[in-house]
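Engineer: Chain by chain, the residues run as shown.
Protein chains: 2
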Amino acid sequence: MAKDMTLMWGAGSPPCWRVMIALEEKNLQGYNSKQLSFEKGEHKSKDVTAINPRGQLPAFKHGNIVLNESYGICLYLEDQFKSQGTKLTPDNKAENALMLQRMFEGLTLFDALKQVLFYTRFVPENERHDSAQKRNAENLKSEVGRWESYLQGSGPYLAGKTFSLADVIVFPVIAFLFRFGLSEEHYPKLAAYHNTLKDRPSIKSTWPPNWVDTPGQPALKDL
Amino acid sequence: MAKDMTLMWGAGSPPCWRVMIALEEKNLQGYNSKQLSFEKGEHKSKDVTAINPRGQLPAFKHGNIVLNESYGICLYLEDQFKSQGTKLTPDNKAENALMLQRMFEGLTLFDALKQVLFYTRFVPENERHDSAQKRNAENLKSEVGRWESYLQGSGPYLAGKTFSLADVIVFPVIAFLFRFGLSEEHYPKLAAYHNTLKDRPSIKSTWPPNWVDTPGQPALKDL
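Chains A and B, in that order, are what the protein sequence lines are.
Going by the UniProt record's numbering, the first residue of the first sequence is number 1, and it counts up by one from there.
Going by the UniProt record's numbering, the first residue of the second sequence is number 1, and it counts up by one from there.
Calculated directly from the structure, the hints in this document are not laboratory data.
There are no misleading hints in this set.
For chains that are exact copies, the list does not tell them apart, and a pair is met inside one copy or across any two.
Result set (EDC-like, lysine to aspartate or glutamate): computed pairs, CA atoms no more than 20 Å apart in a straight line:
#1 Lys61 x Glu95
#2 Lys3 x Glu24
#3 Lys61 x Asp91
#4 Lys198 x Asp213
#5 Lys114 x Glu127
#6 Lys93 x Asp79
#7 Lys44 x Glu143
#8 Lys93 x Asp4
#9 Lys221 x Glu148
#10 Lys161 x Glu95
#11 Lys82 x Asp4
#12 Lys189 x Glu148
#13 Lys204 x Glu24
#14 Lys114 x Asp222
#15 Lys134 x Asp111
All figures in this text were calculated on a predicted structure; none of them were measured in a lab.
The whole structure should be built from the sequences, with the hints applied where relevant.
Structural biologist: This is the structure in structure tokens:
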């Protein structure tokens, strides 16, 4: 039980979700879980900014220790609870290096995704350009193709034979792609990866509650 | 000696520089060091893409292991050479968490910096807006102010009393700010941090060669 931990999170956010997966994998159930609504602006509330002055989710506390960066939280949990739950860092040196490579390439994938799906959220109306949206879509397509090819070369997990921090961190981004309509036909390896991992207990039990009984969106169907 | 390591790098690039600092701190001198020119497009050469298909620097090999993401390389070197050279992860749990927090917030600082300094490189002429440039500058100012306040609250290093991976990773970004004219008067704590660390052997010996005898630029002097 992890009664000395508090996590504030928003549904569907890959940075929040990866922390929830890591907590499950490390057998840290029973933490103080506070779901907040991005739509209602609750991530800007005083409860959050008292822990995370950036007004962003996740916001995480372990006792008196505050840590809000999702990559940092995952690394911290693995380090502090090495022998508890799933070991998330492969012993094999080459797999360990591949895990690190994929973890941090995951930032580029998520960034490419955000540029496409959140364009109108980030860019004021008078600064929008069709040429930029087209370039962003091409960039995301190329990036997703790169990840499809990674799983052609190895697998079944992102760093090879072992479920690792790379999966904890990048799976939510891949799930986000499919939630927004990514074609299983165009990206069969990513689809197989997604379909296998979505039944993993740590992932199933943390599946975004607002995704459960609602249809996905088609924004990426032609990618 | 690290004769089984190869690093391809470009001068002044914070992602390259942090890897060079990590190698020095871990006493991994003697690696195969290949300086390439961004200006000549050498990061897109076959030598690079054979190691890093993204055509980006750094590109790094240790024996047969390829790892190109700078955060990943730093974590890998610390993990593989734990007891060699400087210990870059504090034993103290709270300092360790603060190190991770600052390391990953460093991504936001670097991103804010790139949005300002590389605006014309990233954004085609017909898509540029004064309003975007103004917003980017305000965002960078707010971000740099945040880091100034971090050093008011603790220090002398980014994670507290111990030089750590947070410094290895974020110092090059802070040095970049001052290279581009950041005011020492406006940001005295960052200036003190910069001035102390720039004489550290690992940093002095890896200082960007193209910065040594050339003046900085004033782009950020009014920030």
